[in-house]
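Novice: Just so you know, the sequences run in chain order A and B. Just so you know, the first sequence maps onto residues 1 to 346 in our numbering. Just so you know, the second sequence maps onto residues 1001 to 1768 in our numbering.
Because the hints were derived from the structure by calculation, they are not lab data. Hints may contain errors.
As the list claims (entries may be wrong) - For each label pair, taking beta carbons as the anchor points, the in silico distance ranges come out as:
1) A:ILE106 x B:ARG1427: 36 to 46 Å
2) B:ASP1061 x A:VAL16: 49 to 59 Å
3) B:LYS1099 x A:ASP196: 35 to 45 Å
4) A:VAL302 x B:PRO1231: 52 to 62 Å
5) A:TYR8 x B:LYS1099: 37 to 47 Å
6) A:ASP272 x B:ARG1134: 50 to 60 Å
7) B:GLY1067 x A:GLU180: 53 to 63 Å
8) A:TYR8 x B:ASP1061: 54 to 64 Å
9) B:VAL1058 x A:ILE106: 42 to 52 Å
10) A:VAL302 x B:VAL1027: 41 to 51 Å
11) A:ASP52 x B:VAL1027: 29 to 39 Å
12) A:TYR8 x B:HIS1145: 48 to 58 Å
13) B:PRO1433 x A:GLU67: 11 to 21 Å
To be verified - When the alpha-carbon atoms are kept at most 35 Å apart in a straight line, the in silico DSBU-like pairs for lysine-lysine are as follows:
14) B:LYS1059 x B:LYS1143
15) B:LYS1207 x B:LYS1026
16) A:LYS151 x B:LYS1059
17) A:LYS151 x B:LYS1207
What the hints assert, rightly or not - Away from chain B, derived, C-beta distances all over 10 Å, residues of chain A:
18) THR63
19) PRO129
20) GLU185
Quick reminder that beta carbons are idealized off the backbone N, C-alpha and C, glycines included.
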Amino acid sequence: MSSRPSFYITRLENWVDLPSSLGTLGAQILAGGTDLVPNLTWELASPTMLVDVMGISELREITIDAEGRWVIGAAVTLSDILHHPVLGAHYPMLVAAVHAVATPEIRAQATLGGNLCVDTRCRFRNQPPIWRSGLDPCFKSDGNRCYAAPKSRECVAILSSDTAPVLIALGAEVAVGGPELRWVEVEALYSGDGHDHLTLGPQEFVRAVRLPRVSPAGVFRKWRDRATMDFPEVDVAVAATLDEGVPRDIRIVVSAVGPAPVRISAAEVLLDSSPWTDAQLERASVMAREAVHPYDNGQLGVIGRQLAVRSLVLDALTALRAALMETGGEQNDLGGRDSREKGQPR
Amino acid sequence: MSKMHEVEAKPTALLDTMPRIDAWDKVTGQALYADDVRWPHMAYGFLIRSPYAHARVVKVDIEAVRGLPGVLAVLCGPGSVAAYGIMPSTQDEHALAAKKVCYLGEPVVAIAAETLHQAEAAASKVVVEYEVLRPVLHPGVPKSHTALVHPEHPTGNLFKAVDLEFGDMAGGFLDAWTREDRFFYQGNNHVAMEPHAVLAYWRPDGKIEVSSSTQAPHYVQRELARALDVPDYRIRVVAPVIGGGFGGKSEAFPHEVAAVLLSRECGRPVKITLSREEVFYTHRGRHPVSMRVRTAIGPAGRIRAMEFDTELDGGAYGSYGIASTYYTGALQPTTYQIPAYHFHGERWYTTKPPCGPKRGHGTTQPRALLEIHLDRMARALRMDPIALRRQNLTPPHSVTVNQLEITTSGLAECLDAVEARSGWRERRGQLEPDRGLGVACSSYLSGAGLPIYWNPLPHSGVRLAVNRDGGVQVFCGLTDIGQGAQTILVMLTAQALGIDSQRVRVYTADTGMTPVDLGSYSSRVTMMAGNATLQAAERMAALLLHVAAERMGVAEVDVLRKGEDFLVPMADRITPWDDVVKWAEEMQGPLSTVGGYTPPPALGRYKGSGVGPSPAYSFSACVADITVNTRDGRVTVHHLWVAHDLGTPLNRSMVEGQIRGGVVMGLGEVLMEAQAFNPDGRHRGPHLLGYRIPTILDVPEIDIVLVGEPEPRGPLGAKEVGQGPLNPVIPAVINAISDAVGIDLTETPITPDRILRALHKQERGRAQ
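All chains should be built: construct the whole structure from the sequences, respecting the hints.
Specialist: In structure tokens:
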């Protein structure tokens, strides 16, 4: 209802200039704009300057580094990833996650870096102007309260990135550009506070994502209302690598239930140390449900989302077990064929 | 993708495959919708809306706005001179709230400026002080005076209670097996692709021109006249090309009144276009309804008596509420013979956007419960659900217990068709785990038998002219809201006059130019405007025949038609249409005929008998084939078979489009759509991410079967198709879910989280 925000747009050709541009007060990166522009329309973002990075060629490349690892530039679009002739075959779980993002139109525009950094969302904030005008600002709008979790001392808005949980499960790393280049695990990108949900410094930005040389086996599940378009209500990504027939490096990630993806460490330990029987997978899924605490700030009901966490983790682990067995996993460690065929509880 | 099947060869109109006359304009972008219309010196209007669901307006200070750049006019409540409303007995709205606001989004201040940006900037300078009150979110008697939505309303928050009883209820329930079921049907919005928009001009001579995205220009004209205290004839309401209505554009809205008032103030045309957010606040969509049904069943599964209670959450204002309330009880007896029937309906005021008509107006919610109820009874009686329905179908050419006259009915054929095509007998009970089949029936009006305001005049009028260029003009007040009403008029005219459809132009939805048609609601246009058009065209055909005979010196019976030509075989004479038309104008002056349609009188003579009667009823049945994913709670609809009796289909592709559209809309209602609110009265998501409608990936294969015989009262035998096919889809899907996984759901929409909760509850119940 107020006058529309005004800002400058500057277009860069070289990433070296990016840190200084980002040093400007109120500067924000503009890549695909599929998240930022709707937020500007609803006055949910108020940058003074947008730094358009789509002209920086280094950020738009998919390359292989000296050690044979795939490196995806932050401004590579999601459809470029889907259409890459080789990459997808090596990282099917990443393809599944990218394909689950929004719609073909949005994927043609949206970038991988943008999807990782996508602003957190909340049913009590991501609303149009009239809706918000009668409410005192929440943490995310620089106020001092949370409508989704009135007792919370910080913002509990939801991270809706579909690629984040998958990249965490894959063990990918992020190149953080800025005054100095640093490599961090994807998990370390998220602060856990929905208001300021990234751990990037003021002049820092996501430059690229580096995938492990060999992809672990993985399964991704996205839970949403419709067959397409919607943000996730729950995301689950699970991955493991077979080491002489035994699953190792087990990663169980649940996302879209809070401001950061959640590793279910207890379940990872459980499955690292015991055979993957139906009962153990069930226990792991219960651990997942107990480890996450969604608030009623998504579109679907909070109890349903909790149930979905358990159900999707169990479903994903069961599918992962089947995939591992196909690639030579040992029956003993994967729980044996008999138990697998007992059927999954609802 | 899907096919159009026929059970039997059916007589159809000559031009039944004619493409829509608006097709090219729509696909090339030439069509001008209300927001596309621009007039010289046009100003932009903006409405400041309440950010609270329920509040007293303490102070409105608009002084700071006057003199701001570009600002031309600023108004605050009440705006309208008199209260207005679509139903004569419930005039409870003003354009701008003056004393209190009763829903979040209710307009309080209107501003016009040179540009929209300036209007919005000025709006941010207006100071409105509110005393926030506790929102009223549910029907029911409030605990305190401040929880009265309209303190002056004589029955508190109870907007209206209606009670009807027919037949021997006590006898029906005596010693009978009975079952009771309850259901909550959530409200939902129309989500017409085109948001509401209006362009209004109060001309210096006092005439008022309004171009608005409306389904009912005649009613908007009437309501504006009342709200502004201006004679009707000074107001001209035109509906340009409309991008969907579905009932959501059937009455006058605050933005329409405000645009006229702003124009009077600033002397310029003023345009107001609603955002999607504003459309959800303006609403008047499907009522949330809590329902209870109890039925007494006799031997062999015959219904002996039924009581049906509905409680409608009406929102802040009356809208069509009285009609909606009656409709929640009116059409249960049109599909099934109910010898004794008691209906009790209540509509309550709450502090939410007003509810009103949406495709299936008031019948969709009770139809859902009735059909679910029948399935649960069939299960208890160990009967096949289709067999139970067959036991109870209303016969053709009969009168229901509530005095509705059924003429043709293809309901039995509808059931036969969906049973056969879905493989019901072979497949039901034999499907893989978690997969199910569900069935439901429905019926709907082909136009309401009574107008919104009582009058004995025709419901539809047509003026038809033939020009010396050989072209035909048809003038009718109807609105083509996307359903193809204009095309139907072209087809009927061409058919009746025996001419090429290219000769016909239709001029519609303009109160300054066309005879009155009440508007595009209640599936009335083909029935009523169609019959009026046929009457006008047949009169013209008779006139031309008379002229041709006279000029050729033969008796009228000796003149035949071959194509467009007039033929006298015995004299071996052929006269083309163009010549006959010129003869006629020479002899009689400019050629014009009129036609009108008034529905047959309703049989009922009780209070409330005005809601439900129709010249004819359509009938439909649906079978849904679904799988419930018990892991993630998602329902996959594999296939829907829909059989519909609309008498004679006039245009196959348009009929198929209407059925397909209705079916998909029904799927959205049952699986995802919810006009739902937070405890503070805020809409859960007034946008298309928060309010989810089906995408094309959510739409299954839809098999359409047309059945039935020509309806004697319909134009060329046609009945309705615009609304009826939506209704059975919802209970068919719910019944299929019960069949698949054995859960009996109690409310819509059936989202994945609700399925997971129900499955969880079922699992716990089994464990105990």
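Novice: Now look at each hint and say whether the structure bears it out.
Specialist: Each hint, compared with the structure:
{"no.": "1", "hint": "A:ILE106 x B:ARG1427: 36 to 46 Å", "result": "39 Å, holds"}
{"no.": "2", "hint": "B:ASP1061 x A:VAL16: 49 to 59 Å", "result": "53 Å, holds"}
{"no.": "3", "hint": "B:LYS1099 x A:ASP196: 35 to 45 Å", "result": "43 Å, holds"}
{"no.": "4", "hint": "A:VAL302 x B:PRO1231: 52 to 62 Å", "result": "56 Å, holds"}
{"no.": "5", "hint": "A:TYR8 x B:LYS1099: 37 to 47 Å", "result": "46 Å, holds"}
{"no.": "6", "hint": "A:ASP272 x B:ARG1134: 50 to 60 Å", "result": "53 Å, holds"}
{"no.": "7", "hint": "B:GLY1067 x A:GLU180: 53 to 63 Å", "result": "55 Å, holds"}
{"no.": "8", "hint": "A:TYR8 x B:ASP1061: 54 to 64 Å", "result": "35 Å, violated"}
{"no.": "9", "hint": "B:VAL1058 x A:ILE106: 42 to 52 Å", "result": "44 Å, holds"}
{"no.": "10", "hint": "A:VAL302 x B:VAL1027: 41 to 51 Å", "result": "44 Å, holds"}
{"no.": "11", "hint": "A:ASP52 x B:VAL1027: 29 to 39 Å", "result": "35 Å, holds"}
{"no.": "12", "hint": "A:TYR8 x B:HIS1145: 48 to 58 Å", "result": "54 Å, holds"}
{"no.": "13", "hint": "B:PRO1433 x A:GLU67: 11 to 21 Å", "result": "48 Å, violated"}
{"no.": "14", "hint": "B:LYS1059 x B:LYS1143", "result": "27 Å, holds"}
{"no.": "15", "hint": "B:LYS1207 x B:LYS1026", "result": "31 Å, holds"}
{"no.": "16", "hint": "A:LYS151 x B:LYS1059", "result": "34 Å, holds"}
{"no.": "17", "hint": "A:LYS151 x B:LYS1207", "result": "59 Å, violated"}
{"no.": "18", "hint": "THR63", "result": "34 Å, holds"}
{"no.": "19", "hint": "PRO129", "result": "8 Å, violated"}
{"no.": "20", "hint": "GLU185", "result": "29 Å, holds"}
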